[in-house]
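> Chains as they are written, first to last, in the working numbering: chain A, 1 to 234; chain B, 1 to 175; chain C, 1 to 277.
By construction, these hints were calculated from the structure, which means they are not laboratory data.
Any given hint could be a false lead.
No more than 16 angstroms apart at the CA atoms, straight line, and that leaves these computed lysine to aspartate or glutamate pairs for EDC-like [claimed, not checked]:
| # | chain 1 | residue 1 | chain 2 | residue 2 |
| --- | --- | --- | --- | --- |
| 1 | C | 94 | C | 109 |
| 2 | C | 244 | C | 212 |
| 3 | A | 8 | A | 41 |
| 4 | B | 60 | C | 109 |
| 5 | C | 244 | A | 40 |
| 6 | B | 60 | B | 16 |
| 7 | C | 94 | A | 172 |
| 8 | C | 244 | A | 168 |
| 9 | A | 8 | A | 40 |
| 10 | B | 143 | A | 16 |
| 11 | C | 94 | A | 176 |
These numbers were taken from a predicted model, which means no experiment stands behind them.
What follows is the residue order along each chain.
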Amino acid sequence: MSAHPTEKLSEFIDDELAAPERARIESHLSSCSQCARVVDDLRAVVSAAGAVEDSPPASDLWPAIARRLAPRHQGPRVVAIDSRRGPRRLSFSIPQLVAASLAVALLSAGAVWMAIRDGGGTTGPSTVAVPAGSEEPMTGVTVASGSAPQVFVEYESAVADLERLLDEISDDIDPDARRAIDRNLAIIDQAIQQTREALEADPNDDYLNTHLASTMQRKIDVLQEATRLVRTST
Amino acid sequence: MTTPEGDLRDARLAFEGDTRAFERLYRGHSASVHGLARRMVGLEEADALTQDVFVRVWEKIGTFRGEAAFGTWIHRVAINVMLARQDVRRRDRGRFEDDDAQVETAPVAPRESESSIDLEAALASLPERARRVFVLHDVEGYKHHEIAEMLEITVGTSKSQLHRARMLMREQLVT
Amino acid sequence: MNQQMKTIMRTLSLALAASATLGGAVRGQTFQTDRTVDAQPGMRLQVENHFGRVTVRAWDRPAVRVQASHPSDVRVEVDVSGSLVQVEASHGGKSVEYVLTVPADMPLEIDVVQGEVDVSGTRAGMQIQSVNGAITVHGGDGSIDLGSVQGSITLEGARGEVHAESVNGRIQLRGIDSGRVTAETVNGAVSYEGSIRSDGWYRFSTHNGGIDLTIPANAGATFTASTFNGTLVTGFPVTLREAKEGKEFSFTLGSGGARIELETFNGTMSIRRPGQP
């Protein structure tokens, strides 16, 4: 055994030694400047480690994180359920409400969507949904009207982004699973199409509007979830 | 910047689906998580790892009950994510190979105070196992028995790796 | 239903028939990996499998047994770190069939891309996601979150919060004791048989498919039911309030405590009491 108890010096400074061994080392240190120096150095290392400073990442990682947050599954994710009971149901357009919340939900993973739900409470979401300062009631905006609301453009672009992402990792996906994903996206598209057609005849129907929004959201969910599953399992 | 009450409130809101509350948690804790990631895996992978950690935290936030500070809890989640990820990487080059011979040269953060730069540069030169134990013990403040559990090693191994890491750090930092 | 849908439904029933056959094949299977690790209370199991069936059974030992059949160049990793037991194979693209035996109270997180998941006998929460494959669960207690893109979901005898979501597949929930249930699919029927708690919230939704609810005779609940092309059928007399003729209904049973929401674009919503046809 070495005369210098170097191997024990970390435990010594961490005070993890039994009393007899501790006493033996203390006595050694009083007569060995070499070991005493090591102890000082180790204490300096520990102290430097404890004083290490953190700084935020060089680039803001939040947008990338927000895109990856799965929506919560706590009851209905679509808002307008309560609005059926509200007396002011014509004071705003549910298509636009749903559409607007969808657009933001796509971009920031549900923040506004949830905010509308939370903020709406029992009085319905209209108070939150109508932009501040907007005097004009937003009635009669229909999903299928000539100028498609901006939200659907954004929706399509978000879907396209996710589909591109899925394509990028397509080589890693089992072919049967990839076919299943495509088939199911087609099923959702068909449901979206049917709902849009129904809305043309009845643009203000609450059920159809919420159903459209939740089906569109479903497509986003499927794309996100499929991408996540493929990534984690390869 | 963050308070325990505020964090707990935001964690509950985030659990309900409020991404703005979650963003506040990100803003409050991203620096420390990123720092931990940088020290554990190096700057190159730290961004990706930090993202993974916060995505995981979003999934797991329902299990945060406020017994510990949110910062402590999130670091624990972060460590689990990092260890899982490192395990995955290590598989590619053989799980049980001894990494003692390898000296990894992860890039260092350029923006820190000088002593931090020195420390992180020295850290990056440590062998992986010694570095993990050193970061967990001397930077994160975990006890040997906790580290042993996390890393699936014995307490004795944790102690000897720590000592080894400190001695190597001493060579680098103390002249 | 158009031709494409019919083809899909047929494919689905074939897949289901195949899965019923496979279910019996677990016994007698040979395993290239058979490992058992200790599992303390409070630990959870995380399984990621790209391709292949995952079967989970429960036992009363504080341990996780991982049996897997796979090609010889695949290595199955079982990692225990912190409170997590992780099971994963080294070659993501190759088929790995797992049979996992876990403590009954161990929460489960299972992700599968291509393959079925079959869980039985556990009394814990679980998150199970599959892209292409049915999910079948007997038991479960806590937060139960089941999601499949292509594939049916069957949950029996569970307690806790239940969330089930599919795109192309039916959702069957039987013998459920829960105050919070959501079941949503796009193409497929949804059925629920279980408790209705007075403070509960239940939501069932599909685009193409019926919704079938069997609820206790003494259930107190306020129903809202919405459809575009479908109808509402109840096995007992109710006084309907029609918000929109033939399309949006509401009615109250008993004390009206629970909140039950039904939605189908194309399909029949049917509500009955136990024993009613």
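> With reference to the structure, classify each hint as holding or not holding.
Structure-based check of all given hints:
1. C:94 - C:109: Violated, because 21 angstroms separates the two Cα atoms, which is more than 16 angstroms.
2. C:244 - C:212: 22 angstroms, violated
3. A:8 - A:41: 14 angstroms, holds
4. B:60 - C:109: 11 angstroms, holds
5. C:244 - A:40: 82 angstroms, violated
6. B:60 - B:16: 12 angstroms, holds
7. C:94 - A:172: 11 angstroms, holds
8. C:244 - A:168: 46 angstroms, violated
9. A:8 - A:40: 14 angstroms, holds
10. B:143 - A:16: 11 angstroms, holds
11. C:94 - A:176: 13 angstroms, holds
Of the hints listed earlier, those the structure fails to meet are numbers 1, 2, 5 and 8, in rising order.
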